[in-house]
Amino acid sequence: MKRVYPKEEVCMACRLCEIACIVEHSEYKDIFWAFRSEKPRQLPKTKVEELGPLSFSANCRHCKEPACIEACITGALYRTDEEHPVLIDKDRCVACWMCIMACPYGSINRDERNGTRHSTKCDLCPDKEIPACVKACPNRALIYEER
Amino acid sequence: MAVGDTRSSNFFDFIVDRDTERCIECLVCIQQCPYDANIHRTVEPKGVVSDFAKCTGCHRCEAICPTGCITIRRNPSQFREHDIWTDWHIKNLYKQTATGGVLLTGSGNDYEYPIYWDHILLDACQVTNPSIDPLREPMELRTYLGSKPDKLEFEEKEGKIELKTELAPQLVLEVPVLFSAMSYGAINLNLCEALARTAEAMGTLYNTGEGGLHKRLYRYGKNTIVQVASGRFGVDIDYLSVAAAAEIKIGQGAKPGIGGHLPGEKVGEDVSKTRMIPIGTDALSPAPQHDIYSIEDLKQLIFAIKEATNYEKPVSVKIAAVHNSAAIASGIVRAGADIVAIDGFRGGTGAAPTMIRNNVGIPIELALASVDQRLRDEGIRSHASIIAAGGFRNSADVVKAIALGADAVYIATPALIAVGCTMCQKCYTGKCPWGITTNDPYLAKRLNPDIATEQLINLLRAWSREIKEFMGAMGINAIESLRGNRERLRGVNLTERELGILGIKHAGESW
Chain E
1 MKRVYPKEEV CMACRLCEIA CIVEHSEYKD IFWAFRSEKP RQLPKTKVEE
51 LGPLSFSANC RHCKEPACIE ACITGALYRT DEEHPVLIDK DRCVACWMCI
101 MACPYGSINR DERNGTRHST KCDLCPDKEI PACVKACPNR ALIYEER
Chain C
1 MAVGDTRSSN FFDFIVDRDT ERCIECLVCI QQCPYDANIH RTVEPKGVVS
51 DFAKCTGCHR CEAICPTGCI TIRRNPSQFR EHDIWTDWHI KNLYKQTATG
101 GVLLTGSGND YEYPIYWDHI LLDACQVTNP SIDPLREPME LRTYLGSKPD
151 KLEFEEKEGK IELKTELAPQ LVLEVPVLFS AMSYGAINLN LCEALARTAE
201 AMGTLYNTGE GGLHKRLYRY GKNTIVQVAS GRFGVDIDYL SVAAAAEIKI
251 GQGAKPGIGG HLPGEKVGED VSKTRMIPIG TDALSPAPQH DIYSIEDLKQ
301 LIFAIKEATN YEKPVSVKIA AVHNSAAIAS GIVRAGADIV AIDGFRGGTG
351 AAPTMIRNNV GIPIELALAS VDQRLRDEGI RSHASIIAAG GFRNSADVVK
401 AIALGADAVY IATPALIAVG CTMCQKCYTG KCPWGITTND PYLAKRLNPD
451 IATEQLINLL RAWSREIKEF MGAMGINAIE SLRGNRERLR GVNLTERELG
501 ILGIKHAGES W
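Chain order of the listed sequences is E and C.
Position 76, counted from 1, in the first sequence is what this note's numbering calls 76; the numbers after and before it change by one each time, with no gaps.
Position 270, counted from 1, in the second sequence is what this note's numbering calls 270; the numbers after and before it change by one each time, with no gaps.
Don't read these hints as lab results, they were simulated from the structure.
Among the hints, a few may not be true.
As the list claims (entries may be wrong) - Capping the alpha-carbon separation at 30 Å, the derived lysine-lysine pairs in DSS-like fashion look like this:
| # | chain 1 | residue 1 | chain 2 | residue 2 |
| --- | --- | --- | --- | --- |
| 1 | C | Lys306 | C | Lys164 |
| 2 | E | Lys90 | E | Lys47 |
| 3 | C | Lys164 | E | Lys39 |
| 4 | E | Lys135 | E | Lys2 |
| 5 | E | Lys29 | C | Lys46 |
| 6 | C | Lys222 | E | Lys47 |
| 7 | E | Lys39 | E | Lys64 |
| 8 | C | Lys46 | C | Lys215 |
| 9 | C | Lys273 | C | Lys91 |
| 10 | C | Lys266 | C | Lys151 |
| 11 | C | Lys215 | C | Lys266 |
| 12 | C | Lys306 | C | Lys222 |
| 13 | E | Lys90 | E | Lys2 |
| 14 | C | Lys148 | E | Lys7 |
| 15 | E | Lys7 | C | Lys91 |
| 16 | C | Lys91 | C | Lys54 |
| 17 | C | Lys222 | C | Lys266 |
| 18 | E | Lys29 | E | Lys39 |
| 19 | C | Lys164 | E | Lys7 |
| 20 | E | Lys7 | C | Lys266 |
| 21 | E | Lys135 | C | Lys431 |
| 22 | E | Lys2 | E | Lys29 |
| 23 | C | Lys431 | E | Lys47 |
| 24 | C | Lys266 | C | Lys148 |
| 25 | E | Lys29 | E | Lys90 |
| 26 | E | Lys2 | E | Lys64 |
| 27 | E | Lys90 | E | Lys39 |
If we strip away everything but chain E, and leave its shape as in the complex, we get:
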C-alpha cells in the first residue's frame, strides 16, 4: 500500500504538515475555522520531531505487523487488511495508552480534549487522493508512494 515517507534531509521543520493535518480533520476543512473557531482545535496526527538541524514529520508507518494493534486490549485499533491503513475506533478506546507504548515510531498521540480520552493517529486522509500533509509540504520532504 502507499504510505507517507518522510525525507529527513530536506525537512525544514516548518510544520505546515501539522497545520494541513489539523485543517483536513476539522469539521469544515477550512483553515480559519480549524484554527480560530473550532473548539477544541483538532490535534495534528503527524508531528515534526526536531533535534537541532535534524527534523522529520513522524507519520504512522501503517506497519505490516502493527505493534499497536497487537497491544490494543479492546480491539479499538484495527485494519481490514494489509492494503488498508491502521485506524482507530474512538468509542472502543479506553485510553490505556498501550498503543503509544508499543509504537516504535512515536506516531500515536493522546487526545484528551473535552474531557474525553482516547488515542489519535494518522488515517491517511480517506477523503483525499494525496494525504493533506504530503500536499502541504513546501519542500517535498513527505513522499506518498508504494515501497
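For chain E, the structure is supplied; the task is to place chain C on it using the hints.
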C-alpha cells in the same frame, strides 16, 4: 547598534504587515525567519508580532504563510526630499558611524547605471528573406568553446582524406548558457549539486568557483569547469583532471581588484576538506594571484595547467570588465588562453563592499563589444572563445550578447532567483532564509536539490526555446550565424560614441 543610537533600530527599511484577522498563530513565520524578526508574544497582548528593524525584506515568511496574512512592505517613512541626500545615503552613513566598518552587501550592482541591453533592439525577417518556425524546423544552439585553428589542413592517407591540423580541445554546449562561478562555501552543497545535475541534463557546464570540488560532485566532472583562483582552494591534480576545463580567476565583476573572504564560521568539516584548509579558519582569497604579476606569469600558469592536464582541456581566464579590458583580453589570448570570460560590473557576489560593488568596473555590453572588436582587429578572435557574464536577466540579453560577439554567456543570479532568491542582498550574513547562500545545516535543508534541479532545467529550457524563437524570427537556424552579427542589432537612445563602441547602427539606419 551602538548604545545610545536608536537610528538603526527605528529607521527600518521594511514593515511586516500582518493581517491579524487572517493570522492563525501557527508560528511558521517565526520558525522560518533566521533573523528572528517575527516574535510570538505569550503575555498580553498575545499574538505574533514583528521586530521591523530585523526584517531584511527576504519575503520568506510572506511566501510560506499558509493563510497569506503577511505582506512585506517598504517602510514609507521618508526623510525630507533631497535629490543628493537620499534615504539610502543617509542610512548608510548612520550604519557606518555606528560601527566604523565597511558597508557590505550581496548580489550585483543595484545602482541606476544605463543597461545597454535595453537600448539595443533585435532584427527580424520581412519579405526579402523568410523567417523560420522553430517548432517545425531544426534549430541549432550547439556551441563549441575553445581555440579554433586559423586554417584546416588535410592529407590523404590510403585513399582517405584526413584532417592534418591538430584541433585544440573544445567544450561542447547544447545551449550557449553556462552557470557562472559560485563557490561551495558561498552557496551550499545542495545548490552545487542542483547546478551540476542541471548542467548534465541540459548539456552545458557549471563553474565551481574558487571553493574546490566536493567529492560527491566528482561524478559530474564532464559538466564542470573548475576554478583556480588566488586562494588556490581545493586545487590538486584530481580536481584539474576530473573537470572538463579549468578557469583561472583574475577578477570578478562585482568586486574587481578585490579578493574574497569566507568567514571561519562557515568553514565546517566538509568545506574544510573541500577547500583543503583547517576547520574554522577564515578562507581569504588574496586580491591578486601572487604568482601572476605580469602577462608572462599568466602564460606560465596557463601552461602549467595545460601541462598538468595533458593539453586535453581548454583553459579559461576570467577577468572583471574594467577600463582596459580589450587590451588585457588581447594579452590573455596571446598568453594561450582558450576562453576569455569577462564579468561585467552588474555581476553578482556573495559578499562585497557596497561602494566597490556599485562603483568599480564597466558594463558588460561595452566591455564585450570592445574586446570582440579588438581581438578581431588583431586577427586573433578565433584563437579564443568569449564568455560574457554579469547581469544577464533574460534570453533577449543572451541573444544580444551573442550578436555583440560573445560565444556563450555565464548566468548566476537568474539561477539563484530560479531556486527562490528574492534579491534581499543579505547573502553575506550566511543566514539566507531560502537556504541558498548558507551552510547552516538548519537552513541549507530548505534547498531541496531535486526541486532546484527541476527549476533550473526549466529555466534553461525556457531560455533556449526563446533563443530559438529569436533566431527563427531573424531567419537564422544556427546560433553560429548570429555570433558577432552586429548588423542584426540597432541602438535606441544612444550617443554616437556609445554606438561606436558597441559597433552598431542606430535604429532607423539601414544598409
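- [ ] Quick one: which hint numbers does this structure break? Sort them smallest to largest.
- [x] 3, 6, 7, 8, 9, 10, 14, 15, 19, 24
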